[in-house]
Structure formats: structure tokens, C-alpha cells
Amino acid sequence: MTTLVVARWTVAEAVSRRLVLAAILLSAAFVGLFALAFSILYDRAEADPGGDALFAVFAATLLTVLGLYAVQFLAAFLALLLSAGAISGEVESGTLHAVLARPLGRGQYLLGRWIASVALLTVYVVAMAGSLLLVARLVAGYQPVDPVRAVALLVLETVLLLTAGLLGSTFLPTLANAVVLFSLFGLAWLAGIVEFIGQTVANQTLANLGIAVSLVFPSDAVWRAASYYLQPPAFLGEAVTRGGIPFAALTPPTTALLLWALAYPVATLLLALRTFARRDL
Amino acid sequence: MAPRAGPPAAPALELTGVRKAYGQQVALDDVTLRVEPGEVFGFLGPNGAGKTTAVKILTGLVHAGDGEARVLGRPVGEPAARRRIGYLPEHFRFQDWATGTALLEFHARLAGLPAGQRPARIAEVLELVGLAGRGRQRIRTYSKGMAQRIGLAQALLGRPELVLLDEPTSALDPVGRREVRDLIGRLREQGVTVFLNSHLLSEVELVCDRVAIIDRGRIVRTGRLADLVGSVTAVRVALDRVDQPLLDALGRYGRVQSVDGGSVVLVVDDVDVAPAVADCVVRAGYRLFELVPVQRSLEEVFLGLVHGGDR
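First to last, the sequence lines map onto chains A and B. Note that the first sequence covers residues 1 to 281 in the numbering used here. Note that the second sequence covers residues 1001 to 1311 in the numbering used here.
Don't take each hint at face value.
What the hints assert, rightly or not - Pair by pair, the computed Cβ-Cβ distance ranges are: (1) E1068(B) with L259(A): 40 to 46 Å; (2) A152(A) with E1068(B): 45 to 51 Å; (3) A1010(B) with R278(A): 23 to 29 Å; (4) V123(A) with D1096(B): 24 to 30 Å; (5) A1010(B) with A176(A): 40 to 46 Å; (6) G1077(B) with L81(A): 30 to 36 Å; (7) R279(A) with Q1024(B): 44 to 50 Å.
Just so you know, the hints here were simulated from the structure itself, not pulled from any lab data. These numbers come from a predicted model, not from an experiment. Cβ atoms here follow ideal geometry from the backbone N, Cα and C, with glycine treated the same way.
Construct the entire structure; sequences and hints are all you get.
Printed below as a string of C-alpha cells:
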């Protein structure tokens, strides 16, 4: 009950700070731009006399995956910005003192903030990814392997980042936390590319390096899992021989990865509850 | 006012052997303190003496390293212990994107105030702190004094049994300070326990029943205000002349603290020696104009305690 009071308060803050309004306006602009670019480029690809039957599918896939890749980045930044100072910022400004002197546990406060942020980000990811996939479907009849699973994994990635950010904000100053988070996110992204190259040139060391980093911070690995379900079967079949998109996976995620990606936010959330409970404010 | 009769209730707050260090820096060292229900208690000390740390331990914001802290009969770690507590933090910073009313609504929910009572109670506390009609304004637009007032409103919102005020008048002008004093007086009439952190001695002197003086993490004196300021007394002796034989003679009755023209302040253990002092100087041939007991002010007691001794 108290947790929900905190969650409501967090949403009220996002609305009051015009965060929600800005996100809605910019997202509408983003989706509009995507729809325009997608239809122009897809029409040209379809009309290209030199292209084979699969060329239009390739074009549609590339555009859609690229668009969702951008959504993934936007959602990731939003998650990190929302969480980097979620606790530390309030500790630094002193606004938390009066609140936590109320009869609520620190865990309830942290969970309330987490629930609200997850809700806001889920709405954002579902609306953005859903809009892009809808545009692709309407314009090009685009049929990915499993759009629901893809969007669910995108949400999971955002939650993973958000929870890691919340953990950091329970013991690091806001700026330091932001630096750590963006570095980890960037490192995971780079590791994903390294792993892709390792697989392409059949170098096991490179591939292992990528996997190791993904274990430490699986944000990019979860994106890759999502990306598999974003591509149509026809494209995937061809891409295995012709080579795929560097930032998208050609094989479905392993069960081990999915379990790890689910366990990661749970573990970081538990750790965040623990460090926050012990902290002196 | 007579002390309350009846069976001894649990103390409103209790610190037992509390110690807190931040790394090498000792903030509180073996602090033991007990405040009874209905008392207005002043916690005095210079800046950095550990006053805020003590209040933060009592509100569960800081964990005591050693010792035990209880409020309203429960250990501070339990959220339920904070159900009947009102707290005004030292820096009184609140979520400035919210309006005053929205902030109070949030705190009313957290405090568990029933939905039906919230609007009336919020209007009531706004009125109480002099912010009637300003509730719809965003806190961002408040002056510092208004922010401190909304903090007081927040502290009083849940009809607390114990109110912890950390420097509640630091941002207020003399009129505002007077209003807060009156407010504390009204809380006393309602039987609410008030724990007042302050370095403003005049403020404490005017409202508190008992005080504790803390210096560098240690409590150096606790007691009723009347006993504390009355415990060390002096007499002022005004004469036609002051010379060394006179000072030697006075030295037998007490310690000469200051000499100003024909006036000597003599610190004595017991003010009952005054007639003997009078006899002595008259017999020695001095003309006595005045001999009055002087009560030391809280400020003098305070300065003697926090600057004296080992410093």
C-alpha cells in the first residue's frame, strides 16, 4: 500500500517535471520520421529493377531493425537517466529525509520507485516498438518471427538497466553512478560487436571475450535476443549464408541467456534493497 | 506546570550508550538521554557537536554504531515506531516540483491518515504555520521561510505524539521565530513531546523544560533549565573603592570573576553567603552600595561548558 503511494508520487514527479510530455512529443516525432523514411526507402527498394525477390525483404528488415535499435538506445538512456540519481539525488538534496522518517521501510520506498519507473518505461518501450512494427507491417507487410517476444525482451533490457542504475544510486553519487552505468552499457555494446566479429571470422577468443562481458552486463546480449525475434524468417534463412546485420542475432537466444537476463535484475534489485537499508542518510 | 501524575509511561525517546562514528570522525560518543512524554526538551550544542546525528538516529535515518535508540517505546529500526512522530529535517528540503498541498497529501498518505480526514487536516496545518492560501503554489516558488513553514506543517500533519525539530527557526525572521515559539507552547498544552535541536540559546531558554548540552559528541550537562541556570550563582558587590585587600577578603567567600570600576562579580557556591560578605566589607571600612545575587544566563552556562575544560 505504502509502496504504491511512493509509486504514484514518482509518476506524479515525472508528469510534473514535464518528462512525460517531452517523451510523448519526441516519440511522436520519432515515429513520424520513421514512417516517412521507411515508406520512401521501401518504395524505392521495391521499385529497384536490379533487386531480386528478397531485396525488398532485406530493405524492410534492415530499416525495421535499425529503427528498433534506435528505440533500444533511447529506452536505455531513459532508463539510465531515470535511475542514475533516483536515490542518490534525493539523498544529496536532502528531500529524502522527511519521507523516510515516515512509517515506511526503505525497501518499500525503493520498490515504489522501481515499480513506477518500470511502468513508465514499459509503456514507453511498448508504444515505441509497437508503433514501429505497426508502420513496417502496414507499409511492407513486415512479419517478424515473434513481435511479442521481441518487445518483451526489449522491456527486459530496459528493466535490467533501470535496476542496475537504481542499485548504483543507493551507494554512489549521481554523477559517478551515471559514468559507471554508461561505461558498462557502452562496454556491453562493444562486446556485442566483438562477439559478432569473432563469430564471423571464426575466432573463438574474440567470441569468448564478448560472451564474458555479456555475462557481467547483459544489456547488449538481451538486445540481441530481442533482435532475433524482430527479423522475418525469410531474412534469417538467407542471412545465415549471406551474412546478417552486425547488431542483430541470427540465432535464437539460449535458455541459459534468458535465465541469466531474468535473474540479473532480480539479483540487482535485492542487492539494491540491501545496500539502501544499511546506508546512513 | 505540575508534572503529570499516574503510572510511569514509556519515555518519549531514549538513547542508551549510543555511539556513532563516520570513519575516524566520532559524531556521538556514549550518549544517554531520556525524554519523558509531554516534555519540551532542548538539545543544545555548537555546530558539528552531533545534534543532527542524534536526531537522525532517532528517526531511523542513521544507524547507531553501538547502543540503543527507542522512540515511543519501540526500537527506532521498526517503521511502526515512526507512526506517531513528526520530524522537521535540518535543511527542510522538499520535492520542489510539487505544490505545498501535494507534498502534504503525500506525507498524509505515508503517515496513514484516513482519506476522509486529509483535506481538512492539510488545511488546518497550513493555517497553523501561516501558509493558509499558499498550498496551491509550487514549493519551488516558496521563500526560504515559507519552505521551513511547510516543513513544520509536514511535521505536525499526522498529529504526532513526538515532534523532532532540527533548527526549526533557522530561516525565519523574528516574527516567524515568535510564531514557532507559540506553536511549541501549544504543542506542550496538547501534551505533545517536543525535541528541539538548536544552537539558539534564547529560543531554548524561552520554551524548554529541560535541556541537554552536547559538545563534540558527548553530553556535558543535562538538567532542568531552572537548575542549570541556577546551579552556579554569583553576587555582584558595588563599593566606593576596590583594592587588593578587598579582593583578598572577597576571595575567602568565592572566586572573583570580574572587576569593573567599583563593581566586583564574585562567583559563590551558595548565595546564602551574601550577608557574611556584606558584614566583612563593611567591617573592613568599605562603603557598600549594592549586593545582589546574579543568576548566570544559559548562554554563560553554555559557553562555560563547551569552551572550557580540555579545550
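Structure-based check of all given hints:
1. E1068(B) with L259(A): 40 to 46 Å: 44 Å, holds
2. A152(A) with E1068(B): 45 to 51 Å: Given a distance of about 49 Å, which is inside 45 to 51 Å, the answer is holds.
3. A1010(B) with R278(A): 23 to 29 Å: Distance hint for A1010(B), R278(A) holds at roughly 28 Å.
4. V123(A) with D1096(B): 24 to 30 Å: About 26 Å separates the Cβ atoms of V123(A) and D1096(B), which means 24 to 30 Å holds.
5. A1010(B) with A176(A): 40 to 46 Å: This hint holds: roughly 43 Å between Cβ atoms.
6. G1077(B) with L81(A): 30 to 36 Å: 33 Å, holds
7. R279(A) with Q1024(B): 44 to 50 Å: Between R279(A) and Q1024(B), where Cβ atoms are some 19 Å apart, the hint is violated.
The structure shown violates just one earlier hint, number 7.
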